[in-house]
Structures are given as C-alpha cells and as structure tokens.
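Visitor: The primary structure of each chain is shown beneath.
Number of protein chains: 2
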Amino acid sequence: MADGSRTPHAEVEEDPLLLDLHLCFDLHNTARAFGDVYRRVLRETGLTYPQYLVMVTLWEHGELPVKRISQLLRLDSGTLSPLLKRMEAAGLLTRNRSLADERSVIVRPTAEGTALRDTARDVPREIHAAAGLSAQEASALQQSLRRLAASLDAS
Amino acid sequence: MADGSRTPHAEVEEDPLLLDLHLCFDLHNTARAFGDVYRRVLRETGLTYPQYLVMVTLWEHGELPVKRISQLLRLDSGTLSPLLKRMEAAGLLTRNRSLADERSVIVRPTAEGTALRDTARDVPREIHAAAGLSAQEASALQQSLRRLAASLDAS
DNA sequence: GCCTATCCGATTGTGCACAATTCGGTAGTA
DNA sequence: TACTACCGAATTGTGCACAATCGGATAGGC
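Chains A and B supply the protein sequences, listed in that same order. Residues 1 to 155, numbered by our numbering, are exactly what the first sequence covers, in order. Residues 1 to 155, numbered by our numbering, are exactly what the second sequence covers, in order.
Since the hints were made in silico from the structure, they are not lab data. Because the structure is a prediction, the values reported are computed rather than measured. Warning: the hint list may mix true and false statements.
One copy or two, either will do: identical chains are not told apart, so a pair holds if it fits within one copy or between any two.
To be verified - With a Cα cut of at most 25 Å, we get these calculated SDA-like pairs of lysine to any residue:
| no. | residue 1 | residue 2 |
| --- | --- | --- |
| 1 | Lys67 | Asn96 |
| 2 | Lys85 | Thr119 |
| 3 | Lys85 | Leu21 |
| 4 | Lys85 | Tyr49 |
| 5 | Lys67 | Asp153 |
Please model the complete structure; the sequences and the hints are all you need to start from.
Guide: Given below as structure tokens:
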C-alpha cells in the first residue's frame with residue numbers, strides 16, 4: 001500500500017458495507033493477509049506464493065507434466081506458462097517436451113531448486129505460527145471453506 | 001479455464017499437498033469459487049467484483065473521495081486509479097478534483113451508475129443462494145476469518 | 001493409411017494486487 | 001514569505017487470474 005491504511009480492520013467496521021457482501025469481503029481480506037505473511041516469510045527464498053506451491057509439489061512428487069501441476073494446484077495454463085518460464089529463468093526447474101507424448105511438457109526441479117527446500121524448511125512452521133490457530137480450529141475452518149466452495153461450485 | 005479441469009475438487013484430494021498448506025489453499029479456492037459466481041451473477045451489469053464493490057459504496061454513501069473508497073474497500077491507489085478510469089469511461093461515475101482540497105479527487109455516480117442499482121438488485125440474493133449458508137453459518141465463518149486475518153496482520 | 005475429434009501447451013488480451021516512485025497540494029513553522 | 005514536512009493521486013513495473021484462441025499431437029473409426 002502506498003500509505004498507512006493497511007492497519008488491521010480499522011475504518012471498515014465503523015462504516016460497513018451491505019451485509020451480504022461481508023463474507024466474500026472477509027474472505028478476500030483474509031487471503032490478502034495470508035499473502036502479506038507469505039511474502040514476508042518467502043522473501044529469503046525469492047519465491048512468490050504460487051511459485052512456492054509449484055516448488056512444494058515438485059519437492060513432493062519430483063518431475064511432473066504441466067497438466068498435472070495445473071490439476072494439483074488449480075492453476076490455469078495461462079498462469080502456469082509464464083510462471084514456469086520465470087522459474088526456469090531463475091534456475092529452479094527445467095521444462096522439456098515429453099518423449100512419449102510430445103504435447104506434454106515435463107517440469108523437473110534443478111539441483112538448485114531441490115536445494116531451495118532447505119531454505120524453505122521453516123516456512124510451514126512460520127505460517128502456522130502467524131495464523132495462530134490450533135489444529136482443530138484450522139481443520140474446522142477448512143471444512144467450512146470446502147463446504148462453501150463446493151456449494152458455490154455447484155450453483 | 002481452457003479445459004474441463006474446473007470440476008470441483010476432484011484430483012486434489014486424492015493427492016494432497018503438505019498439510020500446512022491446506023488452509024491457505026482452501027482459502028484461495030473458495031475465493032476463486034466466489035469469483036466465478038460473482039462473474040456469472042454480475043454479467044448482466046457489466047461489472048467486475050471490485051467494480052461492484054465500488055458501486056455498492058457509491059450507492060450507499062453517494063459521492064466519495066478516492067481516499068475514502070480506498071479505506072473502505074482496502075484497495076490500493078494503483079488498483080483504484082485505472083479501475084475508476086475504466087468505470088468513468090463506461091459512464092458509471094465522474095472523477096473531479098475537490099475544490100476544497102485539490103489533492104483530493106471526488107468520485108460521483110452518474111445517473112446511469114445510480115440506475116445500475118436496479119439491475120444489480122438481485123445480486124445479494126443470488127450470491128446468498130449460491131453460498132447456501134444459513135445466517136448463523138455465514139456469521140460464524142466470518143468470525144473465524146476475521147480472527148484469522150487479525151492474527152495474520154498482527155504477526 | 002486417412003480423417004476427425006480430442007487433448008495439451010502456449011499465447012494474447014484484459015483486469016486486479018502490490019511495490020516504489022513522482023508530483024502537485026496543503027499546512028505548519030521559522 | 002519561504003521552507004519543510006506531510007498528504008493524496010497517479011504512474012510504472014512486475015506478477016497472478018481468467019477468457020479465448022491457436023497449433024501441434026495423439027488416438028479412434030473408417
């Protein structure tokens with residue numbers, strides 16, 4: 001923000017929007033707050049949050065086709081293509097056409113990308129600490145969010 | 001999406017990310033689902049979700065300086081400036097320097113912008129129906145989200 | 001072997017989020 | 001009055017989300 005108005009929930013509550021907007025609005029605000037925390041926590045790694053998600057999937061699964069990453073992270077090809085190119089330029093991964101199916105592009109972490117896992121080791125703990133939720137609270141919130149998302153998707 | 005992979009929560013659950021990521025991930029997915037619904041519901045109005053938020057504040061408050069809109073909606077000037085210009089070009093509002101303080105720009109809905117309220121009349125109800133939550137459930141979820149956002153902001 | 005439907009990725013264009021900077025305007029102070 | 005500190009919008013640049021489209025590749029039916 002260009003000024004100091006990022007102060008947590010100050011002016012908004014005293015002058016609320018119409019009631020129906022609140023839920024989606026709070027959802028966005030919370031996502032934004034998460035974004036701020038991830039930005040700070042990931043600063044050392046040089047990754048953005050979506051890029052961190054990609055690295056986590058590569059650390060967990062090893063090489064993956066773009067299509068699979070898209071499914072796992074629900075990221076569009078229009079998002080993934082330039083994102084993966086930036087990460088390739090940063091030396092974190094390689095992109096190569098599959099020999100078996102030349103439509104498919106296989107993404108593989110480089111040694112540098114794999115090594116970044118050590119730098120990112122504390123990220124989960126720091127995020128968890130910042131959220132300040134118990135495992136039960138987090139799980140309950142997840143349940144609510146998933147039910148809501150399912151309902152929205154189904155509508 | 002370019003293909004049919006937007007199917008609600010299919011492949012993700014069978015092959016989960018690390019546990020710590022889930023909460024933020026579900027948050028993003030739910031925000032995305034809300035985005036889809038708002039896009040559909042707002043299609044008739046020609047507004048995007050952030051633009052709808054601006055119109056709602058103008059319908060509620062009448063004319064407002066940009067700074068106030070920024071505070072109410074937590075939108076950055078780098079976001080608001082081009083957004084308001086597009087809305088001005090669409091004939092929904094006017095932007096004029098305040099006579100009292102020429103640093104300030106006052107945003108006013110046009111007649112067309114005010115009339116759009118009728119077109120958007122059913123938006124709250126449709127969103128509520130799509131979410132499928134009782135008032136209690138929605139309120140509880142809001143509480144959780146606000147507590148979480150506050151904790152993240154404070155960290 | 002050929003044709004067609006389908007799949008996959010990349011690309012293009014628009015809109016939003018955030019950081020950093022710029023610039024004019026205002027107000028407080030010497 | 002002149003100087004300075006601060007304020008408010010706008011701009012620039014980067015990155016992500018989504019829609020629409022294209023072109024290459026595969027597989028199935030004939």
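Visitor: If a hint holds in the structure, say so; if it does not, say that too.
Guide: Here's how the hints hold up against the structure:
Taking the shortest Cα distances, lysine 67 and asparagine 96 sit within 25 Å of each other inside one copy (13 Å), while across copies they are farther apart (48 Å). Taking the closest pair of Cα atoms, lysine 85 and threonine 119 come within 25 Å of each other only inside a single copy of the chain (22 Å); across copies the shortest separation is 43 Å, beyond that limit. Taking CA atoms no more than 25 Å apart as the test, lysine 85 paired with leucine 21 passes between copies only; the shortest distance there is 24 Å, against 37 Å inside one copy. Within a single copy, lysine 85 and tyrosine 49 get their C-alpha atoms as close as 16 Å, which meets the 25 Å cut-off; across copies the closest is 30 Å, which misses it.
Taking identical chains as interchangeable, the C-alpha atoms of lysine 67 and aspartate 153 lie at most 25 Å apart only when both belong to the same chain, with a minimum of 21 Å there against 35 Å between chains.
Checked against the numbered hints above, the structure breaks none of them.
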